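Chain W is already provided as a structure; the job is to place chain A on it using the hints.
Protein chains: 2
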Amino acid sequence: MSNTKIPYKIYLDENEMPKQWYNLRADMKNKPAPLLNPATMKPITLSELSEVFCEELAKQELDETTPYIDIPEKILNFYKMYRPAPLTRAYCLEEKLQTPAKIYYKFEGNNTSGSHKLNSAIAQAYYAKDQGLKGVTTETGAGQWGTALSMACSYLDLDCKVYMVKCSYEQKPFRREVMRTYGANVTPSPSMETEVGRKILENHPGTGGSLGCAISEAVETASNLEGYRYVLGSVLNQVLLHQTIIGLEAKAAMDKYNIKPDIIIGCAGGGSNLGGLIAPFMGEKLRGEADYQFIAVEPASCPSLTRGVYAYDYCDTGAICPLQKMYTLGSNFIPASTHSGGLRYHGMSSILSQLYHDGYMEARSVEQTSVFAAAEFFARVEGTLPAPESSHAIKVAIDEALKCKETGEEKTILFGLTGTGYFDMYAYEKFHDGKMTDYIPTDEELQASFATLPKIPE
Amino acid sequence: MSNTKIPYKIYLDENEMPKQWYNLRADMKNKPAPLLNPATMKPITLSELSEVFCEELAKQELDETTPYIDIPEKILNFYKMYRPAPLTRAYCLEEKLQTPAKIYYKFEGNNTSGSHKLNSAIAQAYYAKDQGLKGVTTETGAGQWGTALSMACSYLDLDCKVYMVKCSYEQKPFRREVMRTYGANVTPSPSMETEVGRKILENHPGTGGSLGCAISEAVETASNLEGYRYVLGSVLNQVLLHQTIIGLEAKAAMDKYNIKPDIIIGCAGGGSNLGGLIAPFMGEKLRGEADYQFIAVEPASCPSLTRGVYAYDYCDTGAICPLQKMYTLGSNFIPASTHSGGLRYHGMSSILSQLYHDGYMEARSVEQTSVFAAAEFFARVEGTLPAPESSHAIKVAIDEALKCKETGEEKTILFGLTGTGYFDMYAYEKFHDGKMTDYIPTDEELQASFATLPKIPE
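Line by line, the protein sequences are chains W and A.
Offset between the first sequence (1-based) and the numbering used here: plus 255.
Offset between the second sequence (1-based) and the numbering used here: plus 255.
Chain W on its own, in the form it takes in the complex (with noise of 0.2 Å):
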């Protein structure tokens, strides 16, 4: 199909569709660091694990060797509902920038969710069905990840009870009511359920809550009731691999016109999105097939690859998951209140943080003005009105493309438009009205922060 135009999108046909998930640590020569057990400091067993995760979750966190995982039949079902997501020819901003430049984007924005969180919400959501489990916990602050947690739970009879921040339960009704419709237990978190919630609330009446919180009181209800389990949207090895559908799909799209990308570019909070969307070039560059430049966009308030140390921490401010070895800026790093475009993860894969690591994938981070400048240009001329987390990697992607102008290369440009901004309108009126501003944090605070990380022992 070589001489066949490219279409404006490019939708596989479903006997296309990746049957597999791809398990990239399989091709990596320097695997990520083992996952600690907090309480001992040593490497965590799978028993372990299990108590943390479902067994077969629990599995796919610590498999290191098996390159192609089977995509349960009941989740390929659940994709056919959403997926295949669109790999889109973006002929309208070329257009615009009048670069040489091809640029492609694979859009995952087109599910309620609004975002690719679903990819990995129902395989987490199946596998605690399938072991007989009842529900699930998890904590969510804007909403994205307890969206769709709460559609993957309803779409398998699975109670699904989710702690949201409380400020922005109350401010953001939106997307809470969108978890309700979907059934899902809504909890303003601090509450007074759970004896962490409580314990705060006494300590800091009034408080508007944090992410940190909300996950220790997801992981004490977790614990504390029977058959249910908590679950995790991003960062861990097992939402790295089932997010490889996007890249998976993306391939397959591009290899069906023979199109080869030169630049991949991903936005990086924890992780989920970018480490999925590279996950099957990158093993061909691990493997010496095929040579790609990836690039990881983060913000500047939060830059955890470009300004963090490379080091074991914890995942969660509560220090009750297991640590990894992983970029961090510590796991009390919190971005400044001004910040509105997401990202604010303290941390990042450990998957990706060894390829960074070992120079198989650049970094850069970005302001939140120049991402909005950008988001906003890209929905005047695509049509699509990007999450303030896409916006990121569309920022990038705009740099690149104006580069090829100026060389006159022809590159050719993927990047990861991982969802809609349809609840973010807040952050897109800040940016309209002039109010929003840009946060850097600087080297003392960074330096303060990196103070706290966790001693291992050698």
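Hints listed in this document are in silico derivations from the structure and should not be mistaken for laboratory results.
On a predicted model such as this, the values are computed, not experimentally measured, just so you know.
C-beta: ideal position from N, C-alpha, C; glycine also.
Any given hint could turn out to be false.
Claimed, not checked - Capping the alpha-carbon separation at 25 Å, the derived lysine to any residue pairs in SDA-like fashion look like this: (1) Lys357/A <-> Arg635/W; (2) Lys427/W <-> Ala545/A; (3) Lys690/A <-> Ile261/W; (4) Lys511/A <-> Asn332/W; (5) Lys284/A <-> Ala545/A; (6) Lys515/W <-> Asn270/A; (7) Lys357/A <-> Lys427/W; (8) Lys335/W <-> Ala545/A; (9) Lys335/A <-> Met509/W; (10) Lys389/A <-> Met509/W; (11) Lys329/W <-> Lys260/A; (12) Lys335/W <-> Lys260/A; (13) Lys274/A <-> Ala294/W; (14) Lys357/A <-> Leu411/W; (15) Lys335/A <-> Leu352/W; (16) Lys264/W <-> Leu411/A; (17) Lys335/A <-> Ala507/W; (18) Lys515/W <-> Asp268/A; (19) Lys329/W <-> Lys357/A; (20) Lys260/A <-> Leu267/W; (21) Lys511/W <-> Leu331/A; (22) Lys427/A <-> Lys264/W; (23) Lys260/W <-> Gln275/A; (24) Lys335/W <-> Lys690/A; (25) Lys454/W <-> Leu480/W.
Claimed, not checked - Selected chain W positions facing chain A (in silico; Cβ < 7 Å): (26) Pro262; (27) Tyr263; (28) Glu269; (29) Met336; (30) Thr367; (31) Ser409; (32) Glu432; (33) Thr436; (34) Tyr437; (35) Phe632; (36) Ala634; (37) Lys666; (38) Tyr677; (39) Glu684; (40) Lys685.
Just chain A now, with coordinates in the frame of chain W:
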């Protein structure tokens, strides 16, 4: 392909997408009654109509004979950014209902405007631009049409002035921000910018505004500004023409897999989505080539087809636009304030009115609590959270599927899922909290409203 398993989603290839709109009037033996000029109460001429709409649109409005009209290339390219819209087989819904019926829906919500309105917005903006106009004005209530028009104007570098009903402007800031993202000038109505606005504010200080008032402000502004025209999102023949892209795509997708629907269902406010969806199927019925059952679904609180009269009436509360013969509740009819489900227009497209009058189509009215129950059920089973408007069609599609369950008939049902409900979460919240009520106007209320219909000289 008749033996192939039907995929969950059928996307036409780009080269299979329709390149012409279909003008249903060409196949109607009884044409819709002519539009009347409100000044003379005589059939309006092309030149008179060209003062209201731009020329090409005025021609389309009056053209009763040309069966197919080429879609200009620029519009085709815009369509490619968010079309083809998927024709979806509702496998999960069928399974949940345990019905032998086969259910399909044409989903028009995969774009930032969240509805089918964009199909006509881009066409109207295109012809305005093509005629050398500077901009367009319009009104918007909840904001779907305003958003669609903003997106279209942004793409074409056309100025867009939207008068948004003040209470919506204040209570629904998200839609307003979406429009601002696309560069539209959004003014809460009534405003001090227009004579009619100033008069209303003088007489009713602090009023939250109304659609009728917003229309009047938009029309006044268009007539006062050099190079501007007023545009409308539904009801008109031209709008139904543009919306036939929905039905043409749906039919092409069904033909590709040898699927023939028995029942075709759409929600009906002004009629643009229903008219667009059924057009090519209705054409076959009118030409005697095939038979289908068509069902228009309207809210019980605004029942123009099921309880209105077939008469000449004003399209707008301000009585400025041409009159058309249609099923109407009277141009001053306003559904009760408890009505949350959209579809609040007092009349019905003259094309659909004529077809209904001639017995080619049925109509049903449904109450909003049952509509929201169907919406929530659908969201949980099929994933997508539907717009309240679309959920009227869902309700009747489910009713028909359950009838098939009783009789054992394996009917094929096609319905229009016009959009998503992401900006309608206040209504969902009301429903979740048990605060939603139903309202059916009394016969006395309707009779009083009919009494205000204009007297047309014989």
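Tested hints:
no. : hint                  : in the structure
1   : Lys357/A <-> Arg635/W : violated (39 Å)
2   : Lys427/W <-> Ala545/A : violated (50 Å)
3   : Lys690/A <-> Ile261/W : violated (51 Å)
4   : Lys511/A <-> Asn332/W : holds (22 Å)
5   : Lys284/A <-> Ala545/A : holds (16 Å)
6   : Lys515/W <-> Asn270/A : holds (23 Å)
7   : Lys357/A <-> Lys427/W : violated (38 Å)
8   : Lys335/W <-> Ala545/A : violated (32 Å)
9   : Lys335/A <-> Met509/W : holds (18 Å)
10  : Lys389/A <-> Met509/W : violated (40 Å)
11  : Lys329/W <-> Lys260/A : holds (17 Å)
12  : Lys335/W <-> Lys260/A : holds (13 Å)
13  : Lys274/A <-> Ala294/W : violated (66 Å)
14  : Lys357/A <-> Leu411/W : holds (22 Å)
15  : Lys335/A <-> Leu352/W : holds (19 Å)
16  : Lys264/W <-> Leu411/A : holds (21 Å)
17  : Lys335/A <-> Ala507/W : holds (21 Å)
18  : Lys515/W <-> Asp268/A : holds (22 Å)
19  : Lys329/W <-> Lys357/A : holds (20 Å)
20  : Lys260/A <-> Leu267/W : holds (16 Å)
21  : Lys511/W <-> Leu331/A : holds (24 Å)
22  : Lys427/A <-> Lys264/W : violated (32 Å)
23  : Lys260/W <-> Gln275/A : holds (21 Å)
24  : Lys335/W <-> Lys690/A : violated (35 Å)
25  : Lys454/W <-> Leu480/W : holds (20 Å)
26  : Pro262                : holds (4 Å)
27  : Tyr263                : holds (4 Å)
28  : Glu269                : holds (4 Å)
29  : Met336                : holds (5 Å)
30  : Thr367                : holds (4 Å)
31  : Ser409                : holds (4 Å)
32  : Glu432                : holds (4 Å)
33  : Thr436                : holds (5 Å)
34  : Tyr437                : holds (6 Å)
35  : Phe632                : violated (10 Å)
36  : Ala634                : holds (5 Å)
37  : Lys666                : violated (22 Å)
38  : Tyr677                : holds (5 Å)
39  : Glu684                : holds (5 Å)
40  : Lys685                : violated (10 Å)
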